[in-house]
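Protein chains: 2
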Amino acid sequence: MAADFQGWLLGLQSRMETVLARILPAAEIMPQRLHAAMRYAALGGGKRVRPLLVFAAGEVAGAHAERLEIAAAAVELIHAYSLVHDDLPCMDDDVLRRGKPTVHVEFDEATALLAGDSLQSLAFQLLAHYPLAQDAHKQLEMVTLLAVAAGSRGMAGGQAIDLDSVGRALTLPELELMHIHKTGALIRAAVMLGALCGELPEPEMAKLDRFAKCVGLAFQVVDDVLDAEASTATLGKTAGKDAAQNKPTYVSVLGVTEAKALADSLRQDALDALAGFGQAAQRLRDLADFIVLRPF
Amino acid sequence: MAADFQGWLLGLQSRMETVLARILPAAEIMPQRLHAAMRYAALGGGKRVRPLLVFAAGEVAGAHAERLEIAAAAVELIHAYSLVHDDLPCMDDDVLRRGKPTVHVEFDEATALLAGDSLQSLAFQLLAHYPLAQDAHKQLEMVTLLAVAAGSRGMAGGQAIDLDSVGRALTLPELELMHIHKTGALIRAAVMLGALCGELPEPEMAKLDRFAKCVGLAFQVVDDVLDAEASTATLGKTAGKDAAQNKPTYVSVLGVTEAKALADSLRQDALDALAGFGQAAQRLRDLADFIVLRPF
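Chains as they are written, first to last, in my numbering: chain A, 2 to 297; chain B, 2 to 297.
No incorrect hints appear here.
No copy labels: a pair is met if it fits in one copy or bridges any two.
Below 25 Å or equal to it, Euclidean Cα-Cα: the simulated SDA-like pairs (lysine to any residue) are:
| id | residue 1 | residue 2 |
| --- | --- | --- |
| 1 | Lys242 | Asp109 |
| 2 | Lys248 | Arg34 |
| 3 | Lys214 | Ile30 |
| 4 | Lys214 | Pro26 |
Treat the hints as calculated values from the structure; they're not laboratory data.
Please construct the entire structure, taking both the sequences and the accompanying hints into account.
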């Protein structure tokens, strides 16, 4: 990991907080309660893994930071909306997120539902409204890419597969398919959107795509291990819920040791995909380490 | 109303059913249950008022029908998603829609939530993916327009204002503000998107905008009258719910007679906005009549 990685990370996390605070409607604007809930959901923390990936991929493609912060905000708003809806009683029914009460607990269910809905709309508004690419056609492709990643063949589809899998024993390929949708699609969109803010030849885009797929899966494997091993205090959300809800996870399918080995092997695949990029991809490599080597 | 209006209406309603059936992911594609719920929510009926407005406005602007059907589908998917979420137990808790069980009754709450989320994503995917305007910048503006209309400063915001208003006595201006968001924003987006699929000078766009605002409000006034007067069987959804839930409506604020008079005056304003458009706007005029003169 590069020596200045920690500084870069903290700088961008702080920058994203500023960008999101600026972009989200003020809590004084009507409807105030809805806007307060949207801000509560999207501000004040989180590791901002997806924005970090947008910036790191943008660095490979020589993209302007002003474009990257908009693309990063759009991806993060989709992520934030998905957390609000996932936490609802009819889904995971969770009361704690990032160490704070979830949105429906802090506000109410109806407001949480509408806040999630509105965060999704705002993500597409950002991606279409600000100039993000020299070529407007390319920017339309970026909107399409995020919409596909968020929708029924991406993140929301992954959630649906997850719902269907509760209480069932999944095979490893089935589990992988679920997570390629549920977490992988948006991680991949983050990397692709960052790169599309700049210029990169097709073969290099394909390598980034491979990197993103490996990192996306590794991210989920690590999440499953953390859920099984960490305490609620460390995690900032309710720990051990997967096992309690009888959800299939990498830990339930492979066991902890094998799951850790899989995460490390996916990390190696991700790094291999970046061979030949040289120093420009150092942030992406650091992020792969950051994501996989979170304190087990 | 033009003699062939009924034929035009039925033709387009049938065309929209075909377009939506083609555009929505097949129920055989994984995750099947989610895709089945999305199709259940968006297919099989409804008056398709917003798509009709897209086509009628497109006619004024000389737009190609292939573009209009995509823009119309995008607007209708946003409308369909909003109905699914509005019907959820934490919102209106309704069990009947278009004479059929609502999505969460037919499927389950989690699937309804995800189906609504995915319909919204799909709307933006359509609007960005298909070629809808000569100029890609203009198409990006169309995406922005729909995103704003759907989000916290548009439709979802109107729902939030609605929630806050239950049990409170609203003034007429407050009620109007709520409906300009809740119903008006998407009706306006339908008219604007239809026109943007073709070419229309700015002053004409402004006239269409005024037309759309009047029709949007008239639409809601008529809805309130119907809810107060019609039976559940005629309406295809639970009637009399507004009064039962102690919701402020145009009928509760103005009484039935005054509300009907307001609807008619808004219809006249809408028609006035189209003065000077000639025969090209006849479908829009017919639609204003169709919307306001629904059987009281």
